[in-house]
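Asks: Sequence:
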Amino acid sequence: MADPIFEQLDLRFSILYPEDVVPSDDLIEVAPIDMFNTGVAWYPKSPTFEPVLIQKSEVGKDYDFVTLAQFDPRGNTTFTDSTANNSFHRLGSEYYRVILLDSKQVIGPGVSVGKLDPMGAEIARRHNVRLSGGQEGRKMFIFPRMRQGVRCPKCWDTILKKRSNSRCEMCANTGWIGGFYGPIPLFVALGTESTAQVTDLEGPSNSKTTVQGWVSNFPAIYSGDVIIDPEGHFIWEVTGVDVTLMKRVVVRQTFTVERMTQDDEAVDLLKRLPEFTSKAPSLHKEIKKRGTQRGR
-6 MADPIFEQLD LRFSILYPED VVPSDDLIEV APIDMFNTGV AWYPKSPTFE
44 PVLIQKSEVG KDYDFVTLAQ FDPRGNTTFT DSTANNSFHR LGSEYYRVIL
94 LDSKQVIGPG VSVGKLDPMG AEIARRHNVR LSGGQEGRKM FIFPRMRQGV
144 RCPKCWDTIL KKRSNSRCEM CANTGWIGGF YGPIPLFVAL GTESTAQVTD
194 LEGPSNSKTT VQGWVSNFPA IYSGDVIIDP EGHFIWEVTG VDVTLMKRVV
244 VRQTFTVERM TQDDEAVDLL KRLPEFTSKA PSLHKEIKKR GTQRGR
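Quick note on numbering: the sequence shown equals residues -6 to 289 in the working numbering.
Just so you know, these hints were derived from the structure itself, not from any lab.
Wrong hints could be hidden among the right ones.
Once the Cα atoms are required to be at most 30 Å apart in a straight line, the calculated DSS-like pairs of lysine-lysine come out as [stated by the list, open to error]:
id, residue 1, residue 2
1, K147, K201
2, K240, K132
3, K54, K38
4, K97, K240
5, K264, K38
6, K264, K147
7, K155, K54
8, K155, K240
Listed next, with one range per pair, are the computed distances between beta-carbon atoms [stated by the list, open to error]:
id, residue 1, residue 2, range
9, P146, F42, 37 to 43 Å
10, D150, V104, 36 to 42 Å
11, V52, D18, 20 to 26 Å
12, V260, E186, 17 to 23 Å
13, R144, D261, 16 to 22 Å
14, K240, S216, 24 to 30 Å
15, T232, L153, 23 to 29 Å
16, L20, T254, 29 to 35 Å
17, D18, R67, 33 to 39 Å
18, V104, P44, 21 to 27 Å
19, S187, V59, 23 to 29 Å
20, H226, S75, 45 to 51 Å
Virtual Cβ for every residue (Gly too), placed ideally from N, Cα, C.
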């Protein structure tokens, strides 16, 4: 399965007016990537694979929104607007919203604040070039962990407000029906694996394989997310994230991941991967953690 193809629309036929949709309180994140690209990520309460409209406005009013693209996300709840203007010369903000076409819901609007520092934006752009150009990165897929939605009826204890089952196939041990969004394609640079023996006093010792890596500034990654290498079917759980800032601009994200085993419920995420074959080899180099800890 190929990556989603963004279709440019005839705006005379593609605009949905406010009375056609129902507002949703689902989360939307808008973040400048560099001077001319803005990333939009949305997180519905239930993972959806329905087609969407991406709309943008300069003032945030219903009458001003125009459609940028319509596409079938296939689990990818991100979009990059290459018509953005994040420079010092733009006044005000840009507003984005996502319309789910089947359920007729609108998520947003989310706001992108302009006036990025030119130096930080250029560093972020160069990081993206390094990753996507095959110098350090290789194409993988991220599955953001759900943190809102409908609680899992199989493992969630409504009285104690916590999971009662540590191995739940229905929610993949997240406590939310669906478990994860995605897959979202992104380029990842991984360092060298390190394996340590973890001794359990009440049972056999287990090996724990960790590795450090880094990605660009979009989409945002958080502890608990899952990254999958489609070539080797390696599954990694993000255990920590740091960000590197340059004059208030996130220029890259550094993370630590732990290898998941075939016994983990998240292994079922492999079934959601699109067909992917890499033709270009990539170089993996060790990197150092920088930035400040964050979480969602």
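Asks: May I ask you to test the hint 17 to 23 Å on the CB atoms belonging to V260 and E186?
Replies: 19 Å, holds
Asks: So the hint says 23 to 29 Å: do the beta-carbon atoms of S187 and V59 match that?
Replies: 50 Å, violated
Asks: Tell me if the straight-line CA distance from K147 to K201 falls inside 30 Å.
Replies: Roughly 29 Å separates the two Cα atoms, so the pair holds.
Asks: Is it true that the C-beta distance of V104 to P44 lies inside 21 to 27 Å, as the hint says?
Replies: The hint (21 to 27 Å, Cβ to Cβ) holds, given that V104 and P44 are roughly 24 Å apart.
Asks: Going straight from one Cα to the other, do K240 and K132 come out at no more than 30 Å?
Replies: 28 Å, holds
Asks: Could one say that the CB atoms of R144 and D261 fall in the range 16 to 22 Å?
Replies: 19 Å, holds
Asks: Look at the Cβ atoms of T232 and L153 and judge whether their distance stays inside 23 to 29 Å.
Replies: 25 Å, holds
Asks: Measure nothing beyond the straight line between the CA atoms of K264 and K147; if it is 30 Å or shorter, mark the hint as holding.
Replies: 22 Å, holds
Asks: Starting from the range 33 to 39 Å, see whether the pair D18 and R67 falls in it by beta-carbon distance.
Replies: 24 Å Cβ-Cβ, so the 33 to 39 Å window is violated.
Asks: Do the alpha carbons of K155 and K54 lie within 30 Å of each other, as the hint requires?
Replies: Roughly 40 Å separates the two Cα atoms, so the pair is violated.
Asks: P146 and F42, beta-carbon distance inside 37 to 43 Å?
Replies: Once the Cβ atoms are compared, 22 Å apart, the range 37 to 43 Å for F42 and P146 is violated.
Asks: Check the following: the C-beta atoms of D150 and V104 are separated by a distance inside 36 to 42 Å.
Replies: Holds: the Cβ-Cβ distance is about 37 Å, inside 36 to 42 Å.
This entry does not satisfy hints 4, 7, 8, 9, 17, 19 and 20, going by the numbered hints stated previously.
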